[in-house]
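Q: Listed here are the chains, written in short residue letters.
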Amino acid sequence: MITILIPLLFAVIEFGDVFQRWLAQESATVQVARYAGELGGDAPEVRALLDGSLRSSGIDPSAATVDVTPARVGWREPLTVTVRTNAMVAIPFLFSAAIPLRTSAVVRGELAR
Amino acid sequence: MSAITTIAALPLLIIVLMTTLELGSLRVVAARARSAADLAVLVAVNDQDDGELQRSGTLVAAADAADVARTVFAANLDPLAPFLAATPADVAADAAIQVEPRPATVHLRVTVPVRTPLFGALFFHPITDVAVQANGGAR
Numbered sequence: 001m002i003t004i005l006i007p008l009l010f011a012v013i014e015f016g017d018v019f020q021r022w023l024a025q026e027s028a029t030v031q032v033a034r035y036a037g038e039l040g041g042d043a044p045e046v047r048a049l050l051d052g053s054l055r056s057s058g059i060d061p062s063a064a065t066v067d068v069t070p071a072r073v074g075w076r077e078p079l080t081v082t083v084r085t086n087a088m089v090a091i092p093f094l095f096s097a098a099i100p101l102r103t104s105a106v107v108r109g110e111l112a113r
Numbered sequence: 114m115s116a117i118t119t120i121a122a123l124p125l126l127i128i129v130l131m132t133t134l135e136l137g138s139l140r141v142v143a144a145r146a147r148s149a150a151d152l153a154v155l156v157a158v159n160d161q162d163d164g165e166l167q168r169s170g171t172l173v174a175a176a177d178a179a180d181v182a183r184t185v186f187a188a189n190l191d192p193l194a195p196f197l198a199a200t201p202a203d204v205a206a207d208a209a210i211q212v213e214p215r216p217a218t219v220h221l222r223v224t225v226p227v228r229t230p231l232f233g234a235l236f237f238h239p240i241t242d243v244a245v246q247a248n249g250g251a252r
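If you read the sequences in order, they're chains A and B. Heads up, the first sequence is in this note's numbering, so the first residue is 1 and it goes up one at a time. Heads up, the second sequence is in this note's numbering, so the first residue is 114 and it goes up one at a time.
Hints may be right or wrong, so weigh each one.
[Said to hold, decoys possible] Among the chain B residues that face chain A by a calculated CB cut under 8 Å, a handful are:
| # | residue |
| --- | --- |
| 1 | Ser-115 |
| 2 | Ile-117 |
| 3 | Thr-118 |
| 4 | Val-141 |
| 5 | Leu-155 |
| 6 | Val-185 |
| 7 | Ala-188 |
| 8 | Asn-189 |
| 9 | Ala-209 |
| 10 | Gln-211 |
In case anyone wonders, no lab produced these hints; they're calculated from the structure. For each residue, glycine too, the CB sits at the ideal point set by N, CA and C.
With the hints as constraints, model all of the structure from the sequences given.
A: Right, dumping it as structure tokens:
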């Protein structure tokens with residue numbers, strides 16, 4: 001019985017952690033997309049904000065892949081920010097795996113060039 | 114005795130686990146849909162009438178603010194498409210978007226149909242509707 005209950009308990013805990021991480025990453029992506037829209041695209045300030053947001057959520061920013069496309073936008077042009085990370089899931093007696101988490105946000109450029 | 118208890122309880126445990134996972138997944142999709150609606154409203158409310166702003170310095174929503182909200186909402190729902198029972202474009206098209214020009218305010222209300230196959234198998238509820246509401250104003 002214990003060999004079934006323990007993996008079940010860990011599965012609930014681990015997947016709960018992945019869901020929480022997914023939401024935190026989503027929230028960080030939205031904030032960063034808004035900021036990138038205000039600055040008119042990719043900039044060191046955008047990367048710094050994302051690093052801070054991810055770090056405060058317990059996600060290692062050095063392991064995150066960030067795409068800001070296009071890198072430079074004008075007034076009212078669409079801008080997409082995509083963040084990819086891997087969440088490690090380890091369930092005793094069953095498996096351990098890296099689950100890819102991809103979040104994206106679409107905004108519009110707010111800087112008149 | 115222990116083996117019999119395990120065998121008897123296993124289906125129940127698996128059902129509880131799967132239901133927990135599906136409920137968690139539903140909560141994540143609902144949160145992401147709300148986030149998409151918030152972002153859509155925020156972008157739409159920033160879509161100001163430039164002419165009016167230059168003339169009078171007043172923040173007035175642009176004539177296409179509702180279309181902007183719909184387009185941005187659909188674009189941000191796109192990553193959730195596999196979880197939805199309708200296409201992001203259809204969900205966005207069904208959204209009730211109200212734009213008040215003075216002061217510039219955008220309200221978005223929509224019902225997002227989310228696929229819940231396990232709930233369908235257990236409770237005959239294969240699609241769960243998630244109500245989403247977002248409001249934004251330029252100040």
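Q: So, for every hint listed, does it hold in this structure?
A: Quick rundown of the hints versus the structure:
{"no.": "1", "hint": "Ser-115", "in the structure": "6 Å, holds"}
{"no.": "2", "hint": "Ile-117", "in the structure": "11 Å, violated"}
{"no.": "3", "hint": "Thr-118", "in the structure": "6 Å, holds"}
{"no.": "4", "hint": "Val-141", "in the structure": "5 Å, holds"}
{"no.": "5", "hint": "Leu-155", "in the structure": "7 Å, holds"}
{"no.": "6", "hint": "Val-185", "in the structure": "6 Å, holds"}
{"no.": "7", "hint": "Ala-188", "in the structure": "4 Å, holds"}
{"no.": "8", "hint": "Asn-189", "in the structure": "5 Å, holds"}
{"no.": "9", "hint": "Ala-209", "in the structure": "21 Å, violated"}
{"no.": "10", "hint": "Gln-211", "in the structure": "20 Å, violated"}
Hint violations for this structure: numbers 2, 9, 10, all remaining hints satisfied.
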